[in-house]
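In case you want the letters, here they are:
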Amino acid sequence: MRPRLDRGFFYALRMHGRTAEGTERQMTQMTGAKMVVQALKDQGVEVIFGYPGGAVLPIYDELFQQNDIRHILVRHEQGAVHMAEGYARSTGKPGVVLVTSGPGATNTVTGITDALMDSIPLVVLTGQVPTFMVGNDAFQEADTVGTTRPCTKHNWLVKETDRLAQTIHQAFHVATTGRPGPVLVDIPKDVQFATGTYVAPREAGNAHYQPRLKGDAEMITRLVEAMETAERPIFYTGGGVINSGDAATQLLRELVDATGFPITSTLMGLGAYPASGKNWLGMLGMHGLYEANLAMHGCDLMINIGARFDDRITGRVADFSPGSRKAHIDIDPSSINKTIRVDIPIIGDVAHVLEDLLRIWKSRGRKVNKEGLARWWARIAEWQAVECLRYRNSDTVIKPQYALQRLEALTRHRADRYICTEVGQHQMWAAQFLGFEAPNRWMTSGGLGTMGYGLPASIGVQVAHPEALVINVAGEGSWLMNMQEMGTAIQYCLPVKQFILNNERLGMVRQWQSLLHGNRYSHSWSEALPDFVKLAEAFGGKGIRCSDPADLDDAIAEMLAHDGPVIFDCLVEKHEDCFPMIPSGRAHNDMLLAADAEAFREGAALV
Amino acid sequence: MAAALNIQKGTSKHSAYDLRDPNSDVIERHTLAVIVDNEPGVLARVIGLFSGRGYNIDSLTVAEVDHTGHTSRITIVTVGTPAVIEQIKAQLGRIVPVHQVHDLTVEGASVERELALFKVVGAGEKRVEALRLADIFRANVVDSTLESFVFEITGTPQKVDAFAELMRPLGLVEMARTGIAALSRGA
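First to last, the sequence lines map onto chains X and E. Per the working numbering, the very first residue in the first sequence carries number 1; after that it's consecutive. Per the working numbering, the very first residue in the second sequence carries number 1; after that it's consecutive.
Watch out, some of these pointers could steer you wrong.
As the list claims (entries may be wrong) - Anything over 10 Å on all C-beta distances counts as not near chain X; from chain E, calculated:
| # | residue |
| --- | --- |
| 1 | Asp-25 |
| 2 | Ile-27 |
| 3 | Gly-41 |
| 4 | Arg-45 |
| 5 | Glu-86 |
| 6 | Gln-91 |
| 7 | Gly-93 |
| 8 | Arg-94 |
| 9 | Ile-95 |
| 10 | Val-96 |
| 11 | Leu-133 |
| 12 | Arg-138 |
| 13 | Ser-148 |
| 14 | Lys-159 |
| 15 | Ala-162 |
Unchecked claim - Here's a subset of chain X near chain E, in silico, CB distances under 10 Å, partners left out:
| # | residue |
| --- | --- |
| 16 | Met-117 |
| 17 | Gly-146 |
| 18 | Pro-150 |
| 19 | Arg-179 |
| 20 | Phe-193 |
| 21 | Thr-195 |
| 22 | Thr-197 |
| 23 | Gln-405 |
Everything labelled a hint here was simulated from the structure, so no lab data went into it. Source: prediction; values computed, not measured. Note that the Cβ used here is the ideal one computed from N, Cα and C, for glycine as well.
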């Protein structure tokens, strides 16, 4: 490859053009550090999550001298990223993170990867050693753009102060346009100190990055034709609906209600269609509902809206919904035909496509196959009658499902209820037993499955919605992974409720070991757990412990009544398995219900 | 034909994918021309995509082609089933500084050329034979000592391979190849 020796020349050329143009505009000179703060203000940023260090001190100095942007001091940089994710997911706005070079930057990698997998818009600003030291193995130097290249949507190393403002504006554009995702801007310390020209957002120019929003009319018409005749249609929706915004949610609800088609959703898409809606089948996938998975398997028209045929959804690809025509609406062309070949690909923004889809469907006379649909719903009713979420309750020990049912019953009326989760059995039970009526109310780590996500995410949500009820449904294993962020919750008086389903086990690992590894529980139990009540008190919060089902309602009420952070240590059944379940690598119609589990265990032991 | 099959960013409708059996297991060899912003790290993004997602690179060349537009052209020869090739193109198209992805293999006829340098050491009859074969292959002598030649040859990869095979017994000691540069035929 040719070394780039002529960059300075072209850069000068471009700057020349800009200057000639800019004479009419106000040319503002300022330091790079001031530019960062100014650019964030101009992007409408109200809050950032961060942790100071040597390479970002100039920016922190600027933050100190202003009051427009609120800074939340975290306890670990991973926490900052998850908080920003929670903030972004619950508001629809990009989350912003500010950390120092080296370890500050590398600590963000898990969170950034999490945001990439779940398409969460984030702008991560990292300090870097001065440009003249880059590549010298300087103190707290890491190749941040190199490290984060595979886990960001795009990233930049800014080498000239004159480019800084433009780069930050472009970063916001890329993070929030098309399929959202995390971006990172690496800013050497000398670039922060030096003075340059500030550029406002509208003058920054967004180059060629303009993903198309409108779907192809011919393909949309083909989908309408398929919808008019389908006997067994199903909507399969995902996080893309929520990312597309409120208009997409409204249009989806209108479409589902007007057509009468059943609808299921991925983990990431919960809330786009209300759980109380009459066409709702529940979540699909590995721990999805029996009726949702069987309907996906037996449908003749699958309409994927903003989901990506993840392996936790499809099970064995070869047997995935064998008899159906498949339509796929996605803003990311690489999602189309990636794992499942579809018949009607539509590339575009969900809201734009659904608007056209509804318009065309209405203009052609709002046709659906009524007889076919009636038979289809009758078939679905048989699957629903299986009651796949049934579990054996107990008078003596709290079943995790029961704990969540009670939590749901006691908080369902709150329109401002936001739920976060960690990763594992509790996450799946929360998805099964809690109902979401609105989008942006459910924050969970879907694609990456990051244990330690929930506590910081709940803090980010609470920062965005100070008056709301924010609950993190957690397992004790996950929760300990970022427990230091309790300090952040206390410092900023954020009354997050940590609802820990404590089974003293890494429940999902234990479940797989039980089902597939002959009950050999290799390192899947939690020894030497802290006393969570004392831990809460040590941080300055409130601790509640509950182990008797009879006390549960009162204990939950006590948690809800407390105006401050609470750790709720809910001691639950230690060996409860999460069902239904599609064992990894099996087909949708090969679901394991609670009752089948014993037979499966015996079978697995033979293989 | 070529224009209609242009695979532009964000479209799949006119994909040449439709022309072939998408479920085919046949491994195909495709030459892709990727037009990118000439900015730091862009090559690393492209290569990282191939290594990160387990795709193959047979050959790769890159250079700036438009000074004013500040763009480079990366020519990649890759192999995979039709579905994998289609996915590679979509994944490339999603990289922010990538402007266009052209699949020269399906967008009509194209020409492919590679430049190679061969150092051949020998004396007597072998030296004469090497020079004679170089003439047949229209290779140029770009350096000569009393006991060595450096030949420059331009052609298809197959021609370069054939020349290399002939030079091996005649004292080939070192070889450098540029990888493929390719353009579609016609206007």
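Against the structure, the hints:
Asp-25 of chain E, annotated as away from the interface, keeps every beta carbon of chain X farther than 10 Å; the closest lies near 13 Å. No Cβ of chain X comes within 10 Å of the Cβ of Ile-27 of chain E; the nearest lies about 18 Å off, and the non-interface call holds. Remark: the non-interface label on Gly-41 of chain E conflicts with the geometry, its nearest Cβ contact in chain X lying 6 Å away (cut-off 10 Å). At roughly 6 Å from the closest C-beta of chain X, the C-beta of Arg-45 of chain E falls inside 10 Å, breaking its exclusion from the interface.
Against the 10 Å criterion, Glu-86 of chain E falls within the reach of chain X, whose nearest CB is about 6 Å from its own CB. Under the 10 Å C-beta cut-off, the non-interface status given to Gln-91 of chain E relative to chain X is violated; the minimum distance is some 5 Å. Not every Cβ of chain X is farther than 10 Å from the Cβ of Gly-93 of chain E; the closest lies at roughly 6 Å, contradicting the non-interface assignment. The claim that Arg-94 of chain E is not at the interface with chain X is violated, since a C-beta of that chain comes within 10 Å of its own (minimum 5 Å).
At roughly 8 Å from the closest C-beta of chain X, the C-beta of Ile-95 of chain E falls inside 10 Å, breaking its exclusion from the interface. Not every beta carbon of chain X lies more than 10 Å from that of Val-96 of chain E, the smallest distance being close to 4 Å; the non-interface claim is violated. Every CB of chain X is more than 10 Å from the CB of Leu-133 of chain E (nearest about 32 Å), matching its label as outside the interface. Arg-138 of chain E, annotated as away from the interface, keeps every beta carbon of chain X farther than 10 Å; the closest lies near 27 Å.
Its beta-carbon lying about 28 Å from the closest one in chain X, Ser-148 of chain E satisfies the requirement of being farther than 10 Å from that chain. The beta carbon of Lys-159 of chain E is kept farther than 10 Å from every beta carbon of chain X, the shortest such distance being approximately 24 Å. Every CB of chain X lies more than 10 Å from the CB of Ala-162 of chain E, the least distance being 27 Å, so the non-interface label holds. Given the 10 Å rule on beta carbons, the hint for Met-117 of chain X is violated: about 14 Å separates it from the nearest Cβ of chain E.
Nearest Cβ of chain E to the Cβ of Gly-146 of chain X: about 7 Å, under the 10 Å cut. The hint holds. Annotation: Pro-150 of chain X was flagged as interfacial toward chain E, and the flag holds, the nearest CB pair being 5 Å apart, inside 10 Å. The interface hint given for Arg-179 of chain X is met, as the beta carbon of that residue sits about 8 Å from the closest beta carbon of chain E, less than 10 Å. Taken as an interface hint, Phe-193 of chain X does not check out: its beta carbon lies about 22 Å from the nearest beta carbon of chain E, beyond 10 Å.
For Thr-195 of chain X, the interface hint is violated, the least distance from its beta-carbon to any beta-carbon of chain E being 23 Å, above 10 Å. A least Cβ separation of about 20 Å between Thr-197 of chain X and chain E goes past the 10 Å threshold, and the interface hint is therefore violated. Using the Cβ-Cβ criterion of 10 Å, the hint placing Gln-405 of chain X at the interface with chain E is not satisfied: the shortest such distance is roughly 42 Å.
In this structure, the earlier hints numbered 3, 4, 5, 6, 7, 8, 9, 10, 16, 20, 21, 22 and 23 are contradicted, and the remaining ones agree with it.
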